[in-house]
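A.B. asks: Residues per chain, in single letters:
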Amino acid sequence: MKKAQEHTAPKKYGMVIDLDKCTGCGACMAACMAENNVPFREDETDKNLSITWLRVYKLTNGKKFPNADVCYLPRPCMHCEGHHGHSPCVSVCPATATDYSYDTGIVSQIYTRCFGCRYCMAACPYHVRYFNWWDPVWPEGMEKMLSPNVSVRTRGVVEKCSFCFHRYQIAMEKVRYEGRAELAEDEYQTACTQACPANAITFGDLNNHDHAVYKLKTHPDAFRLLERLGTNPKVYYISSREWVRRQGDNYLENEGKVVAKAH
Amino acid sequence: MSTVKAKDDGAGGFIILFFILGFVASMILGWIVFPKLLYSQKEQPFNFDHAIHMDMVGACESCHFFRDDGTFSGIPKLAQCIDCHQDVQGFTKDEEIFVNEYVRNYREVPWLIYSEQPDCVYFSHSAHVLSGGMECKTCHGPIAETETSRPYEYNRITGYSRDIWGKSMLGLKKNPWDRMKMDDCAECHRENGVKQNSAQTHKGACFVCHK
Amino acid sequence: MNIARRSFLAFLIGGAAGTALSPLPWKLTDDLSIWTQTWPWTPVPPDGEYSYVNSVCTLCPGGCGITVRKVDNRAVKIEGMAGHPVNDGGICILGASGLQLLYGPRRVKAPMRRVGERGEGKWETISWDEAIAAAAEKLEGIRSAGNPQGVACMVGDRYGTVPSLFERFMTAYGSPNFMSDAAIEDSYRITLNLMHGKNAIPGFDAGNADFVVSFGSGVIEGWGSPVRMFLAHGKWKDENKTLVQVEPRLSNTAAKADKWVAVQPGTEAVLALSMAYVIIKENLYDKSFVAENAAAFEDWRDDEGKTYPGFKTFVLNGFSPADASKVTGVDPSLIVSLARSFAGAEKPLALCGRGKGNTPGSLHEFMAVHALNGLVGAINRPGGVWAIDVPDYVTWPKPGLDEAARAGLEKPRVDGADGGAYPYTESIISGFADGVNSGSAGYGVEALLVSGANPLYTLRDAQAVRKAFDSIGFVVSFSSYMDETAAQADLILPNHTYLERRQDVPAPFGLNMPVIGMSRPVVPPQFDTRQVGDSLMGIARKMGGSVGDAFGWESYEACLKETMGAAWETLEKDGILVKADYAPEGWGEAFNTPSKKFQFFTGAYRHGENKDLMSQMKIEGEAADFPLILIPYDSMRLASGPVADTPFMAKTIEEDVLIHDDVYVQVNPATAASLNLREGKVAELTTPVGKARVRVHLSEGIGEGVIALPTGLGHWANSKYIAGKGVNVNRLMSPVADPVSGLDAAWGIRAKLARA
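Protein chains in written order, with our numbering: chain U, 1 to 263; chain C, 1 to 211; chain E, 1 to 756.
Where hints are given, some of them may not hold.
[Stated by the list, open to error] Mimicking DSBU-like on lysine-lysine, the simulated pairs with C-alpha atoms at most 35 angstroms apart in a straight line are:
| hint | chain 1 | residue 1 | chain 2 | residue 2 |
| --- | --- | --- | --- | --- |
| 1 | C | 93 | C | 137 |
| 2 | E | 70 | U | 47 |
| 3 | U | 47 | E | 573 |
| 4 | E | 235 | U | 257 |
| 5 | C | 195 | U | 215 |
| 6 | E | 70 | E | 573 |
| 7 | U | 12 | C | 181 |
Just so you know, these hints were derived from the structure itself, not from any lab.
The following block holds chain U by itself, in its conformation from the complex (with noise of 0.2 angstroms):
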């Protein structure tokens, strides 16, 4: 093989949500769902055993009406860098099923991997991993959405969201089709920024100065999920609502005003 593939400098994909504009539809969960063959089950209420990579919390500010407020957060996996990748859930998997690639900076998980001891569950402090707890089950037919490009779980894995990574490698098939060394910013991007029909997600890649990530990262309102946790996550959040951005981490009612977080 030669040796000439693919020496470009690395990448660390992030995200950067904008609450201002996220309208809570829903319509990011669908497509990853959609996009990453997601089972679902006749009662998905019990919300701590719905399987949903992407998934839109509602934020409410806890005064009175009509003073109360409501915000809604998507998280999907903040694919963390901790240091040096050692992220919350990589550094426990004693079963090498979740790493973190230094070129792409996206923590991955493999199914047939895992054997579903659950320490990634209980070290993420984002709740962004979920448990098969049974097969799933698609009804008669169903199975003909089924994406080639993701595998199928199985009962007693663990999965999660994962950039969607396939579209990366899928983008990538081109890229070399036509001999070009890079990635345009828009040849890959998530489902669910696709799908944002409010815009308020954009994806890419956090090292490159002229993707559109790189500078809202830097947006005065930004912030992210458990800063001060040290998880060094790669998932932004631009609000302007005080409030918001304090539950972002969980600042008590008489603490001071939200820390600078690293870029």
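Since the structure of chain U is already known, use the hints to place chains C and E on it.
C.D. replies: Only chains C and E this time, still in chain U's reference frame:
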């Protein structure tokens, strides 16, 4: 006391004999019977002569090509074959089967793919052939020269093709196409300088070959 | 014995040693572990060639362009079509999960005839010839018995070739009872008819507006063309434009708005008119528009010399902020500042129609809100409301009528939409059940054809609708899915789904340019279904005579092709026909009222003249018996139209909406405390028309005395992923006929809540 001893003495030979018996029986079971039980064979729907096609079309890419989106077409679909095989050309019995049973009925041929990887594997032909500059035969062996389709062997428990899982029960590997398990991929990647970017293992990252 | 035992042990040890040195244990362990990773019953989706097919989504009237990703001949994903004038790549949750309808478990797979009791779910599959013959024979029998008017028809959309074919069928057959699903579009159409003198649908140049006041419209909850409104909302955020939401409940739109005005429910029109008061009083209105292009602003005189008060007099005499505040609960100073900001904005825009707009609403309210747009001149200009002519490409010659048809068409309508009472309304689907049950038309309804609608679920006072259905001897459903109405039908002639058929998609609601879309088969029909146009033509032809003659086309596709004429090629190629350079008519030419001007006050207003307009709009129930007010609320995650939630959508229903099979009713904590109810408690919700088991969810997003239930739950047919969950709010509400349009104007119903 002596009787006991005598018994012991007398039994020694038997014990060794039985040990050997057990040993040999289990070796036969493990090395000969077990592989036969473990692997099953299926015949391809009909025989395919690669050599004869190569003579006519000249290159692998004529039938196994990259699509415009960079994905690899793999085994040709009926639509491609129809160009030449609309009617029976009359070279072989197999061609007759093909035309009569499949072409006429617009039925795709359910070829069994020797080199098919399990669902959890993502394999990019473009990365290996276009970027890596590898030749087909480096991994697929001299299949282009074959005149007959050998039986497809698969593992009864896992359903995997034996070409993936290893032809040798000893785990020996002479050619790349003798086995194509994860370690084989990893070894080649390591030797050829594919980025070793895993934070956990400092080897190749999982999301290079998995999906 | 000893020897045998020890030899046996030796044999075993030898066997163990041999086994360990053979591949058996190692290989077996490996293979078994692999087996457990990929169970043979776990599907492995076959890979293949990827392709993309563009089409138009017709799951709601939004008309979004979609791009369907295919792997060989399987459709695997629906995405928004990039660059499409409606949605530009965005997609809603229903659209994104549309493949679950195509490949879903509730498809009607072939024509079916009921064999058990109605609704029992016992069917026999029949051939298309049998099905067509069964329908034709029954309809022919009713007709020859002299009761063609006794056949009614309900369709979903109003425009396009398929609804027009049904309308044509009903005309040729001889029944006046053609109805279409009603929504705010109907109220807007009447509003534009009265105030603009145009047969038009509204187009909102929302993206270019800079100060939007929405009177309860779910701007980001499915109102209008949903994705288009999401995009507009995003643009407002980017450009720091203002959205004010007037709504009694903290909806998503209210939460995202720059200002939420928590108005008393049902008093939105009062607030609008009070804003008009401030704008007129303070001389903030667009003088040039009002002086030159508007009529009935000042007092006016009719041809006979009688003087009528103008809009100005009407408003100034009754809608001062102080008075309005008492009714609306909105602070007078807020009304004043809102009015000033609205009138002071460069491109203000007022929107109307509650939630997704599934209920037509009060015409008084629509006209009051539209008068606000008139006051500031936000008519047919950038950022305003544009009157777009209704789609008029269906220009077939009228069908020939025989004696029976002429006699039938003379008969009164069952829904009461004709004659003097509601002169501006074509059909009143919400009045149908009452008409059937009371026999007010003077004849019985013997048969009903339903296409693209699910009246048993979507119409209010579901019990009355059910009663009407039970009295109708022959119900034919053309549904692709086993929905509530199909489940109660006698005969189902299943349509292709929207991903399997070719059909025109006229004018998305709210788009400010004339657009025709064309949905096309993305995949071949998965089952033995038929395009509904062909089914209908088949029935007509089987009946023969003048009914058959009315359908001279060879097939539906031939009809579509002929109807589209020159546009066909473009539609086939692009899936959409856009008048990109479209500009609205200027003020001078825009109005076709008798005065040729924008009509602030019209004859229609006189219908309401004697009514107390300075009050909450009437809903059913008395406060003494029902101390609370129940309002329905819409959510993007709950499909509340004819199509129910997909399994993916059902997954996204929030934890404060549904728990297992129980729906949460939103209750203000103070209200709950007064009723001795706590979070999560099971309660019985009673309204004048029904009762239901609910659970209490305490919410500060709703005022005292008001409770709210989501729409889109409580399906009883449909897939197990949505059926049997929660309560259909339409079962707890009853329609209230608007005095002018006759359409359903109920924004809520009186209710009580008690511990169960």
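A.B. asks: A separate judgement is required for each hint: does it hold in the structure or not?
C.D. replies: How the hints compare with the structure:
With a CA separation close to 28 angstroms, the supplied pair residue 93 (chain C) and residue 137 (chain C) stays within the 35 angstroms bound. Between residue 70 (chain E) and residue 47 (chain U) the CA atoms are separated by roughly 31 angstroms; this keeps the pair inside 35 angstroms, and the hint holds. Between the alpha carbons of residue 47 (chain U) and residue 573 (chain E) the distance comes to roughly 44 angstroms, so the proposed pair goes past 35 angstroms and is violated. Using a Cα cut-off of 35 angstroms, the hinted pair residue 235 (chain E) and residue 257 (chain U) holds, with the two alpha carbons roughly 29 angstroms apart.
The hinted pair formed by residue 195 (chain C) and residue 215 (chain U) meets the criterion: a straight-line CA distance of about 28 angstroms does not exceed 35 angstroms. Between residue 70 (chain E) and residue 573 (chain E), the direct Cα distance comes to roughly 19 angstroms. Compliance with the 35 angstroms bound is thereby established for this hinted pair. The suggested pairing of residue 12 (chain U) with residue 181 (chain C) holds, with an alpha-carbon distance near 29 angstroms, which does not exceed 35 angstroms.
The structure is inconsistent with hint 3 alone, although it conforms to all the rest.
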